[in-house]
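These protein sequence lines map, in sequence, to chains E and D.
FYI, in the numbering used here the residues of the first sequence are 1 to 212.
FYI, in the numbering used here the residues of the second sequence are 1001 to 1487.
Example chain D residues on the side facing chain E (calculated, C-beta under 8 Å, incomplete):
1. 1129
2. 1146
3. 1152
4. 1169
5. 1190
Honestly, the hints are just simulated from the structure, not real lab data.
Keep in mind it's a predicted model, so treat the numbers as computed, not measured.
Even for Gly, the Cβ is constructed at its ideal location relative to N, Cα and C.
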Amino acid sequence: MILNFILSGFLIITFLLVITKRITGLIRAFRAQSIFLFLYTFYQGFTQRNLELLVICGLVFALKALVIPFVLLRIVRRIKAEEDLGLIINPQLSLVIATVFAYLSYLFAHNAMPRANSPESAAFIASLTAVCIGFFLMASRMKALGQVIGLLVMENGIFLAAGAIAGGMPFFIEIALFFDIFVFVVIIEVFVYKVSRLFTHIDTSKMKSLKG
Amino acid sequence: MLIALIILIPVLLLILSPFVKKTRTLGVINASGYAALLVVCVLFLKTFLAKGSQAVSLWGWVYVDSLSVFFLLTTAVVSFAASLYSIGYICTEAEETKISGRKAGAYFQLFNLFCFTMLIVPLLNNLALVWIAIEMTTLISAFLVGFHNIKESIEAAWKYIIICSVGITFALLGIIFFYYTSSRDAQVKSLEWAGMLAGSGMFDPKIVKLALIFILVGYGTKAGLAPMHNWLPDAHSQALSPISGLLSGVLLKISLYAILRFVMLANLSIGYAYSARLFILFGLVSLGIAGAFILIQKDLKRLFAYSSVENIGLVSLGLGFGAFGGIFAGLLHAFNHAVTKAFMFFCAGEAVRAFRSNNMNKMQGMIKIMPFTGTAMFLGLFALVGMPPFSIFIGKLLILIAVFQGKYYLIAGLTFFFIALAFAGLLYHVSRVILGNAPQTMPAQKEPLSAKLALLFLGIFILGFGLKIPQAFLHLLENCQLLILGK
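Chain E extracted, bound-state conformation (with noise of 0.2 Å):
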């Protein structure tokens, strides 16, 4: 049950990152995405009494909730970007387009998975949403914070895939990994630092020097 709603959640949420046409909308719906992985793993560890699961939990807090959001909001601020996301595909079609997706995961994770109407394929096929949406963002935004976000998004979702098909990955890769995400933000920060002082402007469709 409880389960249940927290996925419903994260599901809605990876929705919501789709219509979205700001930038700073789209930042917070990544950390209210980031919350609702917070909450699953919160609960998996609590119910299992498993205390890796609540060390990872707190890591999936205070990285994805609390950190990236706020040095991508602190990029916002310094480089007086626009808000807005530069949409190659209007709102109502993205919508269109992750519905297709999250059938296509639904099909997909009843194919892959032995035991289907469990709550770890419900959360597969969120996670696998999560992960297509993602790349959807990825190649729909021109701004360059929409693809670092998109890319996000997608981690999340490989995050609760793992958790949700393997049970978690072992603990020290899951360290590991979080120190990963974490120096590719830092360094995301400082390219895209350099791409707008030099282009004045974060617009990757802009960006056509390089060519053939």
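Position chain D against the provided structure of chain E, taking the given hints into account.
Relative to chain E, chain D alone:
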């Protein structure tokens, strides 16, 4: 012991580099460090073969078998050459005040970090740590791609980070699928190599097939396989030339190493044939796309970048015909391509510096203004397109023999056609740069000694491996072939 040295040398150089103020001294120290690294790797190969190529595992973190040794050796050779070439390259850049002294120091630190991450990939025991190390290679080398902080290079670096990170995220999904089936079906709850390999017979074939597609698309992005190669020409053409050599020569192969590990895991549950079909598909697409783009290129370094796509396609094709000796041929070609492509990028770096442009229409008569580098590039061109007696010829020939032995005549025909396209394109474009009349106003250019030495060093491999491949190396390749086929 020797393995500890391999890991320690780049770390020591990294710690040392902020304390040396003079750029040239720093470069020389760096190059001697990598010379030592190469010697250590060769010594390690000797002891490894003397002990009958038994896999070594150490401290629970390190696992070394023939495949690791092969990739380690390739990395060591190319990174030594790149460190040697860096001395002259960075000093000249500093003299021309393109970069400041502090930035030159930063270059050597990044260089060492980059080499360190590439060197630990083949050593790591845990497949998830391999993934992290490969992601780190992207994040670190992005700084080397965007080193000049101009529009083009930052654009290339941005594309490089984003595309490769997405690719590698797909690979992570593939790893999770592997972990899922290994923990559910084989009860192996870790991602350590030996355990996973032992349990790999019990993996669920359906999930392994799915996972392998994610792995191949994911790491394939980083390996430069088309159609996920879009980042490659940008990053390779905008990176500093020593780094272009490292990117083309080693980084692409390091991703290939990760793919091969998962192919080995898949062998026992679904057989080699499935992986082989995927390799052939990606190989042919890469060859075709690269062939077309080579013909229409205007930028010298982009030309060589597309040639890397072509060659990685050939390697992949060879791996696809693994049942007919293609793995041996593919790996041999991977090594030969690594040294030859690094050689060509070093020459191209000198040419670009002299003409102050990447555009081949503005470059002519290189042999007149830089006799040594021009001649080297001319010979290297023949090596690259696959003329005897140079080493790439042998690798290409063996790959084609494998394709013919598989009796896939259509694929063989297509391969010939695509190779011919690349042959014609490369020969036409590069010979125009080398020959012809140099601009009247252009004085003869200085050719740094370290660049000459780096070219000579790589030249030994290009010519030497074409004439006679050392017994130890052949032995290593045969072991790799047996390992990958799971025999």
